[in-house]
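Enquirer: Chains as they are written, first to last, in the numbering used here: chain L, 8 to 355; chain P, 253 to 644.
Worth flagging that the hints you see were computed from the coordinates, not collected in a lab.
Do not take every clue at face value.
As the list claims (entries may be wrong) - Chain L is nowhere near these chain P residues, computed Cβ spacing over 12 Å in every case:
hint	residue
1	M253
2	A295
3	Q300
4	P340
5	H414
6	F551
7	E560
8	N624
Unchecked claim - Here are the simulated BS3-like cross-link-like pairs (lysine-lysine), alpha carbons at most 27 Å apart as the crow flies:
hint	chain 1	residue 1	chain 2	residue 2
9	P	K570	P	K555
10	L	K17	P	K510
11	L	K241	L	K201
12	P	K510	P	K555
13	L	K330	L	K201
14	P	K570	L	K305
15	L	K241	P	K415
16	P	K415	P	K453
17	P	K453	P	K360
Just so you know, even glycine gets a beta-carbon here, dropped at the ideal spot from N, CA and C.
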Amino acid sequence: MQFDLNDEQKQLFNTVQALLADAEAGQGMVAAFDDGGYGASPLWPRLRDLGLVGLLAPGDRGGLDDELLTLAVVAEALGFAGAGTPLIHQALAAWVLASSDADQPLVDAVIAGERAVALALGEAPDRWRPEQWAGGDKINVIGAADADLFLVGLAGGDLGLVEAGADGVSVAAVSSLDRLRPMGTLSLADGGVKRLNLGEGMADRLVDALLILDAADAFGAARRAVDAAVEYAKTREQFGRPIGAFQGLKHQLANMALDVEPCRAMVWHAAHAWDRRMADAPRTAALTNAHVTEVAVKSIRAAIEAHGGMGFTWEHPLHVWLKRVMADLAHLGGPIVQRSRVGALSAW
Amino acid sequence: MDLTYTPAYEAYRAELRAFLAASWQRDWRRAPDAAARIAGFRAAAVEQGYLYRSTPRAYGGSGQAPDVLKAQIIREEFGLARAPTEVPGNGVTMLVPTLLEWGSDEQKDRFIAPTLRGDYIWAQGYSEPGAGSDLASLRARAVLEGDEWVVTGQKIWTTLAHKAQYMFALVRTEPDEPRHKGISYLLLDMAQPGITVRPLKQINGDREFCEVFLDGARAPASWLVGEAGNGWAVSRSTLKHERNLVGGASTLDEMFDKLVELARTTVRDGRPALADPVIRDRLAAIEGYVKAHLYSSYFQLTKEAQGEPPGPIGLMNKLNATNIGQDIARLVTEILGPSAMAFPDRDARGPERWLNQVLGSLGLAIAGGASNIQRNIIAERGLGLPRDSGVS
């Protein structure tokens, strides 16, 4: 009975967090946000060189055979730092391709980060899961502009692969709320996508993994915002004392921490259930995504309020985290959709 | 992460199961001699090392080495077998650990074993009409006259005082010392002319807590626990080993399942409440909090087993449980609809029995450190925010 990370996971978390903190000191959060980052982010080569892209991919294909829990720990660190990089989606793509009939040179290039893969899954207006995919434009494709390849959800629930430059493939940039993870809309001509030969249920596993990783990212971001609000309350003075001494604000901060802290164990459990293929893993993924992303948005809004006027400026970085978790929340449909799925997957 | 137990722990579980199968039957609780059967079972369970693990054998415990995983297995298996656990109440959870840490040999010999057997019910004499959240302002006064303490004052919200044989009380013995320094921890016999108990009727109709009037109540000088003036520190003793980190959270998880059953069996707006998308959404929203709390308890269990501090989450359990109980109460009230107009009856079998939870959940928000006190604790000890000026 060990409901905790193992030593390697703890160490990886510390390594990634230190790397990101170090990089963050060099470039202001807001400047990075204005630049748009992602594939061009200076963080990306450093994370890639840690070998993290192959984390989840099978060992006989050049991956590390590690757990989703490990990737979730990395996602939490990225959310905490507010770093926009392709790492998480690239790692999932590497896992899918390495689990498919894709050529080994392609798998190697994806794990090495030499060929960028974007995940093109959702469809307008409200089709998020494999059984709902009907073909047509793919919306909210994060990193579309940087991608060499797209991993595409196909009508019928399969996954396919298409080159960015192929005939009939076009990307329209979308002005994105979260500029650190900019999106595009992917248009595809019929028949241009090569269907991947995959094991049963891989597309479902992919979407469930994303739900959990979005929650992990949102948890990290929310933790950061609570930390920022607490620090501000200790240093900002009004009426001759730190505002954190006033019970009104103190209780708001306590409530924020009370909402956010329990999410850690919930995210870990969802990732672990996915890793062990527990029967209720899909339901747990939906429940966790809805709860954690909603709590994160609520808490970061409260953190901004606790900062007063400064919190409402573009200059102060809190809005970067707010926009990040709003994107985490909306990415795969949002809490209404996920809670409806929880109900559908229950004996309710 | 590994949510399974090692073979050594599974062997321990198997042994425990065999003991329970041989020593306890569920229907014994309804037997005419139920009390004797329960007492006999507890004695056997103590003998085997399953109950009162942190109390030495000399005082009626089973003197086991601390092991939070064994403690968790015991809770799980006793729960499955519906077997009697340790005697509930303040005596076992608060007084015994305090005596083990601070008590004289005489006090330990005299009080611990009968308390563990359930022979003594204890009242906790802490709160006063003028000393609630600000407990250190308490005024009940104890004066040493010869070889007896004589106590004058009033206690309130004293659970089960009308049934208790003894009270452990905080009283002021050094009135000239600063607030926390002048308090002592004193044991009192409830059956004496100087003590009058008046039960208070609660909003759910129960009479569990009381006012206690101390008018020249007497206690032997040797019944003061620890040193005079050190009662505040003495009263902070809690069970140091094998705290029940999971119990409350798994109880809420079970309550959530019952809430789903209530929604399934209640017709609202012409269909089962459970078929209503609004109700389903709200159930899933509550379940998010329930599961986050449950898994956090397993995380804390692991930290405890590893001897590591759990971090701020360790300060959040009571307020989390309170908030979840309040959320459940709100949804229950809406699901019940017109049934919520019936008055709760302890013996009711229908859905209106939920009103006990609806009303009772408010008590949890107040008892044992009100929710705003919990927020202070989280903010000050967990987040490191400055203490309120004027509060020390």
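Enquirer: Which earlier hints turn out false for this structure, listed by number in ascending order?
Expert: Hints 1, 6, 7, 8, 10, 11, 12, 13, 15 and 17 are the ones this structure does not satisfy, whereas the remaining hints hold.
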